[in-house]
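A.B. asks: Next come the chains, spelled out residue by residue.
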Amino acid sequence: MNLNLTEDQQALQDTLRKFAAKEFSFAKRRALAKEGAGEAISATGFSPAAWQQLAEIGVLALPFEEAYGGLGGSALDTMVVMEELGRGLMIEPYLGTVILSGGLIASLGSDSQKETLLASIGSGESLVALAHQEPGKAFDAEVLTTSLNGPGDGLILNGNKAQVLYGAQSHQVLVSVNEANGISLFLIDSKAQGVTWHDQKMPDGTRVARLELNQVSVSEAARVGGKGAAGPALSRAFDVANAALCAEAVGIIVTLIEITSEYLKTRKQFGVTLGTFQALKHRMVDMFVWSETARSATMLATVRVATGTAAEAHWACAAAKVQVGDAARFVGQQAIQLHGGMGVTEEMAVSHYFKRLTCIAALFGDIDHHLGVVSDVLLAA
Amino acid sequence: MNLNLTEDQQALQDTLRKFAAKEFSFAKRRALAKEGAGEAISATGFSPAAWQQLAEIGVLALPFEEAYGGLGGSALDTMVVMEELGRGLMIEPYLGTVILSGGLIASLGSDSQKETLLASIGSGESLVALAHQEPGKAFDAEVLTTSLNGPGDGLILNGNKAQVLYGAQSHQVLVSVNEANGISLFLIDSKAQGVTWHDQKMPDGTRVARLELNQVSVSEAARVGGKGAAGPALSRAFDVANAALCAEAVGIIVTLIEITSEYLKTRKQFGVTLGTFQALKHRMVDMFVWSETARSATMLATVRVATGTAAEAHWACAAAKVQVGDAARFVGQQAIQLHGGMGVTEEMAVSHYFKRLTCIAALFGDIDHHLGVVSDVLLAA
Amino acid sequence: MNLDFDESEVAFRAEVREFLDKNLPADIQQKVRSHAEIGKADTVRWQQILNQRGWGASMWPKQAGGTGWNATQRYIFEEECVFAGAPAQLPFGLVMVAPVIMAFGSPEQQRTFLPKILSGEDWWCQGYSEPGSGSDLASLRTRAERDGDHYVVNGQKTWTTLAQHADWIFCLVRTSSDARQQDGISFLLINMHSPGVTVRPIIMMDGGHEINDVFFDNVRVPVGNLVGEENKGWSYAKFLLVHERTGLALVPQGKRLLVELKAIAAEAMKADHRLRDRIARIEIELAVHEMTLLRVVSASGSKRGPGAEAAILKIRGTEIFQTIYETILQVTGGAYVDPAVANRFFNMRKLTIFGGSNEIQKNIIAQMVLGL
Amino acid sequence: MNLDFDESEVAFRAEVREFLDKNLPADIQQKVRSHAEIGKADTVRWQQILNQRGWGASMWPKQAGGTGWNATQRYIFEEECVFAGAPAQLPFGLVMVAPVIMAFGSPEQQRTFLPKILSGEDWWCQGYSEPGSGSDLASLRTRAERDGDHYVVNGQKTWTTLAQHADWIFCLVRTSSDARQQDGISFLLINMHSPGVTVRPIIMMDGGHEINDVFFDNVRVPVGNLVGEENKGWSYAKFLLVHERTGLALVPQGKRLLVELKAIAAEAMKADHRLRDRIARIEIELAVHEMTLLRVVSASGSKRGPGAEAAILKIRGTEIFQTIYETILQVTGGAYVDPAVANRFFNMRKLTIFGGSNEIQKNIIAQMVLGL
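Heads up: the sequence lines are chains A, B, C and D, in that order. Just so we're aligned, residue 1 is where the first sequence starts under the numbering used here, counting upward by one. Just so we're aligned, residue 1001 is where the second sequence starts under the numbering used here, counting upward by one. Just so we're aligned, residue 2001 is where the third sequence starts under the numbering used here, counting upward by one. Just so we're aligned, residue 3001 is where the fourth sequence starts under the numbering used here, counting upward by one.
Be aware that a few hints might be false.
[To be verified] Taking beta-carbon pairs under 8 Å as the criterion, some of the chain B residues facing chain C (in silico):
(1) Glu1292
(2) Ser1296
(3) Val1322
(4) Gln1323
(5) Leu1378
Source of the hints: derived by calculation from the structure; they are not laboratory data. Backbone N, C-alpha and C fix where the C-beta goes; we use that ideal spot for every residue, glycine too.
Build the full structure now, drawing on both the sequences and the hints.
C.D. replies: Shown next as structure tokens:
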């Protein structure tokens, strides 16, 4: 048993932390996000420059096998990356493109698909989105409305997809349909005939789109994985994504504690710093205890994803989402509260971290959903 | 709309508070509870002398109609009494005998039953227990195992009852059976042939018994209420009992806050009184806010029991049991915690109040049960 | 003890309801119900409509042009207004500065300011907080120095809600630095159109503009705008703090929002017992919280002071209101968040901070009730 | 990073399990499993059995007669013991005074005291707290005055766990009142059978007798029983406070209890989704809490200090443990409470208070980690 980071992981952590601090300070990111700033961030929701730099550091190719230009990183390496993206409030489309789509292609794709796609994701050239969820359905639904017709007159996709992370900004998109009593995935061009994107800016600055598929032609070659065989890989992909989201949340939580602790040490009221008030001090301790709990939960989920059975991983990811969700809620709310009026302004980093945490807690199943997963295991026992 | 106590209610409150302070200080009650003390309290679980004095003050007859020797008191008067019993930690069998059994006899009994029984309850002469719950069943179950045979060879009761408050100390006991698709009640002598009591001392010092009924003969005259017609009255009796329990809990909660506040003002650590520590101060405030919440919830339940429809009363009593349960848990736990080591000893009143609160919260449906009542109303809407 | 309204109260409620039915403009109602922003024009228009009916100031005494209603009537009026979808009246003039002017202002000040508050002609804002003196008001540093018939004001106020629309601001300013902090403060009424007044927006985390910084650069204020005595402003401000503030309980607002939540969640909560339990809890907490408010209203009818009740009402009210919004956020958005709902949720985050943070409310209770 | 135990660790676990299978007396195991009281005789008997195997002191170095195990081995050993139903070893000698004697005691003291701790021959208790100095240890008033080759001790200790069985007590006593409070304290070993020592039971709210007052009335203690230097006792006590105390995490105990809860609630939780969710939450919290413990164990293997981790482990461990008991209380008793279960629940109420209250743990974290 060993729960310490390897030297390589420590080096990766160090590189990313320095990169974020140097290139993407809060002030810089906030300036970029404003309309009319030099970069096209207000159109894409993220910084293409940062994306390229992440590619250069190697993190976009990190989880992929070396045979496909990757670095063969494990879920534990991803945890290190996500925590740093969280600390830096870097809302680049890592989760959707690298973790979800990259992960699905890596596990289901043919050799040639992996060669082409993983390389172009890893180099930062290509953004690939996953369009699985449908309006009014759960994020992990197994029965889909999106239809596939053919092969007579060719394969044709019709349907609606919701909550596609950075869909409107993507180059290609993985679309799920029911086929042969299971789920199939097709990779289509994001600008293909019949594809319409409805882009939406989320409160945390990320972009999420609705997707309309209207008589979209696909070829058999566009299929990723076997007919109706994508279900288990999708299920695993959401577990991996939730473990990654938990790690991002941990990065945000520890940053909020640092920021707030610093604020309490400098801000004066009634002639003394806020940090001398015991009620606030103990609340900071509660936040700290929650942060350690969130970290343990995330590590447990990540280790299970890396080395456990599918059932173990699913349980641990659900458990982590519950505990990290609780931690995010408590730490987020209290970080704002302890900042007083400053906390609810757009000027302070704390409100931006809070908004991102709020979104993370809702994405891919909220606390209730994941408590249900754990609770149902008890029922089955 | 008027939510203030009447002058009569204030006078009743005053009388009871003075009585409890004078006659039943914590020290006196604790001494009595020890084995071998002068009075028979260790055998009965309560003080017969206090019971007689309560009769003299008039509270044992308070809720009954004047025609039957009562004072015609309302649920609001009962609330005043129960809060004072709570403050004085007077675990006399008021709930079982006066509220439950007295209430059922008052609503279901014949004129002659009411004349005889309410008078003897009101005078403190007779203790009447209610034996409704059965082992392994809910406190308010409608399908019972206790059987009634006859009329051929006479009416015969057989069965087991659980959680009979002060059953072994009672003179008579109301027993429920299913009959004619409903619940019937029979009043039997607590020492009748075939009746066996298994008395148990509860952690709060009260007594609760299991009852075995083995071929117990009853007459038609022992019937209280119509054949199979006691269900609604029983349901109301438990609502009334829960409102009363909430009022008792409020009395305990405000007392715990007084005791703990006093302790924080006198006890010194690190050269200052504990009350100067802001974390503890704010926790006291949280306790106070909970106490006001508990009082509001209890008043809402009581007003609904007094003047609302059956559905309104049932909802409000469930709501009160949830909020008072939460308040009792928080205030009880924190009162102990703020007393430090002293709080977990038998020497301090705080631990005795805590134990009584723990029992009240469990009796006649815990928080989960009553949240379920409110939740189910939403489902039906 | 009873919860039933008596005949006259029932009749009063019917009268209010009928008035609202007939007089609340449909366009305003629509904006309120759809959570759209209510601008200055609509707020003023609604104040004028109320004032025409003689209901412009439900909490003022009759002789000042108010309704003279008792606490129960005010409670009924507020509840009906909220349920009908009426916009909130601007509190800074009506509820905050007017009682101070009535109690401590000169007859001249009363004649000048009160009618224009009632009519909606003057838009007021509050100048208490400063950068670096949030909860610790007494440490404020904005100075007013006497120069002939004027005070010359320099300094900065912050968190000034809706100052962008304001004609007047009531300020706490430092007029002496000799005494203990609280004793050198005066209560001054400043025309926002005076030279030297600058308003700078502060953008909130939901992207909205409600609050502002207000800068005073050698702003000349006639001495006639001093309320009461110089250096006694702190006691007037404190008078305001303990003035009845049951509005912070957010009871009718919460009830209205709970109806909305139950409508949104109607389908989802059938299948989801956790959501159902959460809504059941909110329903319980709100009903009990309303009872606490009614106890305060009822006791105020019998002339007992508000004590620390306002603090309890604010703590519980804001907590419950935020919980309802959190639950609405949870049931909208389809497994993620709905941006519009999320922004309302973020906007409500201020509730436990503004108007005296809940921590400050706890300090008040600790001192006033528990003697700690 | 991995959670898998390596081959040698797996073998070690098997060895421990086999030993427990063969050597844990069935009567003791039965008492532990049925939550019966474990008396002195059983505790001593089990200590002797462990000691015969060379496992009497899992946390001592080999040269002192301990096992020399690393943190992971100690964790495995503790877990297996708890799962098997072995009684707890008495901590006061083994874990609390022994490390102090090893670090600061004379060779003579080490020779005299350590073997009898290991063998179970000497029963130790702890004399720190006094009436009026609970969390504020440094204010203690028990005096030890030098008289020739002896100290004469007068005063009172309280909350002294299992003092009724004790042969020895390690005490903090005041040997000087000149200096700052902490600097006048010495660490003294006192024979409980000395004339002038009186033990008075304190009855707990569950009716049990675990703790005591201990009175010292002119008790003569040889100067040879002073550990380390006079007036340096505070630093030895602090050494003990930061000494590894992962046992307070109550992880194996919690896991054992959760198994019991799930067995008791097996039927009820099928129909009751609220109970099921509560147990699911406990299961989650405990698994995550165990991970926190494993992180500490793993870091300690790599020679990092325990820092404030013990405080976190204590806070979370005691909270979770009390929640499990509360839930057991909820599912037993048939719509009321089961008196025996209730008394266990009441007994566990001490956990967040004793061993440094959770408030004190928070002060430690605020200072050590957050610098507040």
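A.B. asks: Take the hints in turn and mark each one as holding or not.
C.D. replies: Hints and how they fare:
no., hint, in the structure
1, Glu1292, "holds (6 Å)"
2, Ser1296, "holds (4 Å)"
3, Val1322, "holds (5 Å)"
4, Gln1323, "holds (5 Å)"
5, Leu1378, "holds (6 Å)"
In the structure shown, no violation is registered for any of the earlier numbered hints.
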